[in-house]
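**Student:** Here is how the chains run, residue by residue.
There are 2 protein chains.
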Amino acid sequence: MNRVINVDLGEQSYNIHIGKECLPSLAGLLAGVPRGSRSILVSDDIVFRLYGEQFYEILQSAGLKIEVAVLAGGESCKNLETLGWLYEQMISKGLDRQSTVFALGGGVVGDIAGFAAASFMRGIGYIQLPTSLLAQVDSSVGGKTGVNLSLGKNLVGAFYQPSLVFADVNLLNTLAEKEYQTGLAEVIKYGVIWDSKLFDYLETNIESIKARDMDCLIHIISRCCEIKAEIVAQDEKEKGLRALLNLGHTFGHAFEALTEYKKFTHGQAVAIGMVYATRLAAATDMINEQDAKRVTDLIKNYGLPLHYGDIRPSEIVARMHLDKKNTGGKITLVLPAAIGRSEIVGEIDPAQIEAILI
Amino acid sequence: MNRVINVDLGEQSYNIHIGKECLPSLAGLLAGVPRGSRSILVSDDIVFRLYGEQFYEILQSAGLKIEVAVLAGGESCKNLETLGWLYEQMISKGLDRQSTVFALGGGVVGDIAGFAAASFMRGIGYIQLPTSLLAQVDSSVGGKTGVNLSLGKNLVGAFYQPSLVFADVNLLNTLAEKEYQTGLAEVIKYGVIWDSKLFDYLETNIESIKARDMDCLIHIISRCCEIKAEIVAQDEKEKGLRALLNLGHTFGHAFEALTEYKKFTHGQAVAIGMVYATRLAAATDMINEQDAKRVTDLIKNYGLPLHYGDIRPSEIVARMHLDKKNTGGKITLVLPAAIGRSEIVGEIDPAQIEAILI
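From first to last, the protein sequence lines are chains A and B. Going by my numbering, the first residue of the first sequence is number 137, and it counts up by one from there. Going by my numbering, the first residue of the second sequence is number 137, and it counts up by one from there.
Hints listed in this document are in silico derivations from the structure and should not be mistaken for laboratory results. Heads up, some of the hints might be wrong.
[To be verified] Dumping the calculated EDC-like pairs for lysine to aspartate or glutamate here, alpha-carbon to alpha-carbon at most 16 Å:
| no. | chain 1 | residue 1 | chain 2 | residue 2 |
| --- | --- | --- | --- | --- |
| 1 | B | Lys375 | A | Glu147 |
| 2 | A | Lys429 | A | Glu339 |
| 3 | A | Lys375 | B | Glu147 |
| 4 | B | Lys373 | A | Glu147 |
| 5 | A | Lys461 | A | Glu483 |
| 6 | B | Lys466 | B | Glu483 |
| 7 | B | Lys333 | B | Glu362 |
| 8 | A | Lys156 | A | Asp349 |
| 9 | B | Lys375 | B | Glu479 |
| 10 | A | Lys436 | A | Glu343 |
| 11 | A | Lys373 | B | Glu147 |
| 12 | B | Lys346 | B | Glu313 |
Pulled out of the complex, with its shape left as it was, chain A reads as follows (with noise of 0.2 Å):
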């Protein structure tokens, strides 16, 4: 039996399934996807070899014309030119209006396939696949879509929900340690900013975790994504609650930009981001120490790192001011306030940033 979350959106309101073997079950999910047209799975070199061939044949058996294209994958190839390829492909195939996107793989391909579904012919649907934790825990959830620019990630997109997220555990057992790891990072920051129990769970679990234990893994997933669902079904365009989501954001995303998204998966980013902001907190004594180490620990304990590295303090706060969520020249960030629960902090002194980065 698969769990079922839903995302209650009004007309934009879909469910996800999360379930361990469920891959059969796919097949039935899909009545609302039109048959006249055709549909495109998406996906990326790697994951495509490893169950590109399985998902064709679920999306064929359900009696869909199903076109493949196959992009590099990685954060380097989330860009504008990736998407002008990836239109060019589903024109030149034969997407219509009523196509859909079928986004296979793990948040890059969820988010360039995404936006691309938001932006072709004005918008056509899209069914997000996740492969790896991370998007099976975030990055698929929501319906944010994009892609980076040179001067930083995520600067173009759209607010566009997917009609169905589909996630099978079982794909998580051929990812890699790193990318794994990358995942955990984001089911830490809903710990730490929605929920002491789930954080609990993940300091008392750390080896089931470790060893991807597929009822462990049923269990947190499913807990970030209803904690994730209820935050977007109260704030879809991130004009205030959302924005907790991005605990450890700005800073991880000033880490990535400034190492050429080369140094850091995003959630090591993410983790070390979560440790900074922590530090920020106390120093602000907006958390007690207690807590800050509760943080501080777990992130170590998961294998992540916790400090950036050889980068200037001056030029991490520097990349920081291009985050979306400043206005008018000020930093905004989210500060963790206890296990449990953040704050949206505004108006943050440059100075007071760059001094506990040091």
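Given the coordinates of chain A, assemble chain B onto it according to the supplied hints.
**Tutor:** Below, chain B without anything else, positioned relative to chain A:
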């Protein structure tokens, strides 16, 4: 006194202001534009030379921190490359999520700047300042934004509503005759699809309209905007009714594309498209001969072309297959049934289209 037309779209509702010598009234309409963040005035070469300074000063006098980005202009610049350049301008000039884009120009500027606003940081505000007849009667209203791909027009974009449309008819005084005519083609379209009284008015006031009489223009532009507002309010995302606005456009896009956007203006291509749509309607007894003749005569009397010239009909039909209205490989067209009434006709046999093209 400006004419004010409301586009009723719930939370996305906005007003269209139409007047003569009304530029000074613009500043008073910008109360909702955040002052804390930078705005950007996007225009093309020609329009910016004529009106850039004037608008810049108005926006500055309203207390906005205003940046400028000037495009080359013309249909051939309405592509992903220009869009990428514009994103870089927006980020490097310090725009943020509270920023506003002002689109000063014709359809091309409005479409690109509108899509840039729709997708920059997943959507910021924008205001349309249309300077061409085509933009004032059609493209600036209704939230269709986008760019072309090499394989076809407007294949990438978003439905994204401006917060204000502001049209001063005096700006049309400097419009090149060809550009003025291209707008008249869209005006005629509104008469054919929706409003026999507007059509009559166009028949009986040819000389004053050709002479750009400002009161005639206010009447015509207001009526077109009212019609568009009514249609868009009923069907924002073009699930049905809104497709009527595409009369002549499926043919027209094919004529434009097959002559590499060099031989015809958009309106000229649409005018020829209306001639052939009318011919197809007459051939299938959908419209009577008298009404069909009135359509063609009016197009001719406004100096618009009636024939596409030297293109192979089979190529035209092949190209028409790429239109966004088509689904499942069949061709859908808008065809006139009488003066003031058109219908969306699906599943048209390509051979029938080819027959009337010869």
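**Student:** With reference to the structure, classify each hint as holding or not holding.
**Tutor:** Here is what the structure says about each hint:
1. Taking the CA atoms of B/Lys375 and A/Glu147, the gap is about 15 Å. The hint holds against a cut of 16 Å.
2. For the hint linking A/Lys429 to A/Glu339, the alpha-carbon distance of about 13 Å falls within 16 Å, and the restraint holds.
3. Between A/Lys375 and B/Glu147, the direct Cα distance comes to roughly 15 Å. Compliance with the 16 Å bound is thereby established for this hinted pair.
4. The suggested pairing of B/Lys373 with A/Glu147 holds, with an alpha-carbon distance near 14 Å, which does not exceed 16 Å.
5. The straight-line distance between the Cα atoms of A/Lys461 and A/Glu483 is roughly 11 Å, inside the 16 Å bound, and the hint therefore holds.
6. Under the criterion of a C-alpha separation no larger than 16 Å, the hint pairing B/Lys466 with B/Glu483 is consistent with the structure, at around 5 Å.
7. Only pairs whose Cα atoms come within 16 Å are accepted, and B/Lys333 paired with B/Glu362 is accepted, the gap being roughly 14 Å.
8. For the suggested pair A/Lys156 and A/Asp349, the alpha carbons sit about 11 Å apart, so the restraint of at most 16 Å is met.
9. Under the criterion of a C-alpha separation no larger than 16 Å, the hint pairing B/Lys375 with B/Glu479 is consistent with the structure, at around 14 Å.
10. Among the hinted pairs, A/Lys436 with A/Glu343 is consistent with the structure: their alpha-carbon atoms are about 14 Å apart, no more than 16 Å.
11. For the proposed pair A/Lys373 and B/Glu147, the alpha carbon gap of about 14 Å is at most 16 Å, so the pair holds.
12. A C-alpha spacing of about 9 Å is found between B/Lys346 and B/Glu313, which places the hinted pair at or below 16 Å, so the restraint holds.
Figure legend: structure checked against the earlier numbered hints; every hint is met.
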